[in-house]
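> Now for the letters of each chain:
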Amino acid sequence: MLSYLWVSMILFGILFSAFSGNLSGITSAVINSSRESVEICLTMLGVLSVWAGMMKIAENSGLIKSLTKKIMPFLKFLFPKLDKESQSIKYIATNIIANMLGLNWAATPAGLKAMQELQKINIDKKIASREMCMFMILNMSSLQIISINIIAFRSQYKSQNPSETIGPGLIATSISTLSAIIFTKVFEKIYFKDGDQK
Amino acid sequence: MIPVCFILIILHAYVNKIAIYDSFVSGAKEGIITVFKIFPTLLGLMLSVAILRESGALNFISKIFLPLAKIIGYPCEAIPLTFMRLVSSSASTSLILDIFKNHGPDSFIGRFVSIMMSCTETIFYTISVYFMSVKITKIRYTLAGALISNFFGIISSLIITKIFFHY
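Line by line, the protein sequences give chains A and B. First residue of the first sequence: 1, per this note's numbering; consecutive thereafter. First residue of the second sequence: 1, per this note's numbering; consecutive thereafter.
Hint data in this document are derived by calculation from the structure and do not stem from the laboratory. Watch out, some of these pointers could steer you wrong.
[To be verified] Not everything, but these chain B residues come out facing chain A in the computed CB check (under 10 Å): (1) Ser-26; (2) Leu-43; (3) Leu-52; (4) Leu-66; (5) Leu-68; (6) Ala-69; (7) Val-87; (8) Thr-142; (9) Phe-152; (10) Ile-159.
[To be verified] With a cut-off of at most 25 Å between alpha-carbon atoms, the simulated PhoX-like pairs for lysine-lysine come out as follows: (11) A:Lys-189 to B:Lys-17; (12) A:Lys-185 to B:Lys-138; (13) A:Lys-185 to A:Lys-126; (14) B:Lys-135 to A:Lys-125; (15) A:Lys-81 to B:Lys-138; (16) A:Lys-193 to A:Lys-158; (17) A:Lys-70 to B:Lys-17; (18) A:Lys-126 to B:Lys-138; (19) A:Lys-65 to A:Lys-81; (20) B:Lys-29 to A:Lys-120; (21) B:Lys-135 to A:Lys-81; (22) A:Lys-120 to B:Lys-138; (23) B:Lys-17 to A:Lys-69; (24) A:Lys-125 to B:Lys-17; (25) B:Lys-17 to A:Lys-193; (26) A:Lys-125 to A:Lys-76.
The structure displayed is predicted, hence computed values, not measured ones. For every residue, glycine included, the Cβ atom is placed at its ideal position computed from N, Cα and C.
Using the sequences provided together with the hints, build the complete structure.
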């Protein structure tokens with residue numbers, strides 16, 4: 001699935017620019033993007049490690065455990081098959097909370113660990129499990145409560161009221177998250193009949 | 001937000017008497033490993049996005065959607081951003097700044113993109129990084145679910161902008 005997507009993006013891009021006579025743009029795109037990804041990774045190396053360190057403190061101090069408990073009813077509804085005490089649910093909770101607060105850098109390490117834990121209990125290691133699908137779709141439905149970057153950009157460009165989009169944004173993101181949950185629950189019913197795990 | 005979180009985390013740890021600095025260091029070490037692990041995925045992703053962007057294919061796709069956008073009252077200048085938002089967060093940021101510069105953040109399109117950015121996500125980045133990190137190749141209905149939730153987000157942003165700001 002992913003490789004099809006990747007291949008078609010590249011092929012479509014190169015063929016399209018060949019027809020529009022812009023192949024030199026592709027050459028610079030290749031060079032620039034590889035440099036850019038190294039730059040991003042260097043930034044990530046710093047920021048993400050700082051957050052991974054902070055998250056480790058929160059994990060060892062029991063902060064994450066108590067936060068997980070607070071959103072447990074919600075998690076139980078989304079992941080009914082997951083053990084309440086498992087590591088995976090703790091990392092999922094951390095990822096969700098960090099995402100809600102808009103701390104993307106803190107969310108990524110926890111999210112990747114959640115995937116590792118889910119993979120451990122996955123039956124077919126090549127196919128995404130039901131919990132993985134729910135977790136990923138939820139993650140991509142945008143959980144962020146307040147988008148701080150956007151407010152900063154708005155005030156940077158002299159908005160009269162930079163924060164006026166917070167309320168409407170909150171409604172919009174609730175709708176996208178709600179539709180994600182409904183969709184996934186419906187698809188779970190179609191894909192996993194009679195408690196079939198695969 | 002960040003200073004508040006730091007203080008809360010550290011105070012909580014201090015009260016519970018754990019080895020704070022040791023925990024930080026061991027976590028940071030895991031963080032470094034994480035970054036190294038996702039670098040190849042990120043590289044591949046950024047390559048394909050850059051090729052797609054530079055080729056002008058995105059503008060072409062945007063043009064296809066133009067008539068439809070006009071019918072539903074969707075701001076035309078926001079179409080490239082809508083697609084870019086799904087693949088790259090840095091590229092969509094530069095597009096949004098362009099819109100703010102050209103139309104102002106308090107215009108219809110400025111307000112609309114502000115709201116739309118808050119309920120959409122870089123789908124392809126997230127899917128690639130997370131699934132590749134555990135070597136999952138079949139992702140079932142994940143892409144469909146993500147696209148649907150983002151689609152609902154985009155459409156509701158449009159409706160909400162019109163209702164809230166009386167356009």
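> For each hint given before, does the structure comply? Return the numbers of the non-compliant ones in rising order.
Hints 4, 5, 6, 11, 16, 24, 25 are the ones this structure does not satisfy, whereas the remaining hints hold.
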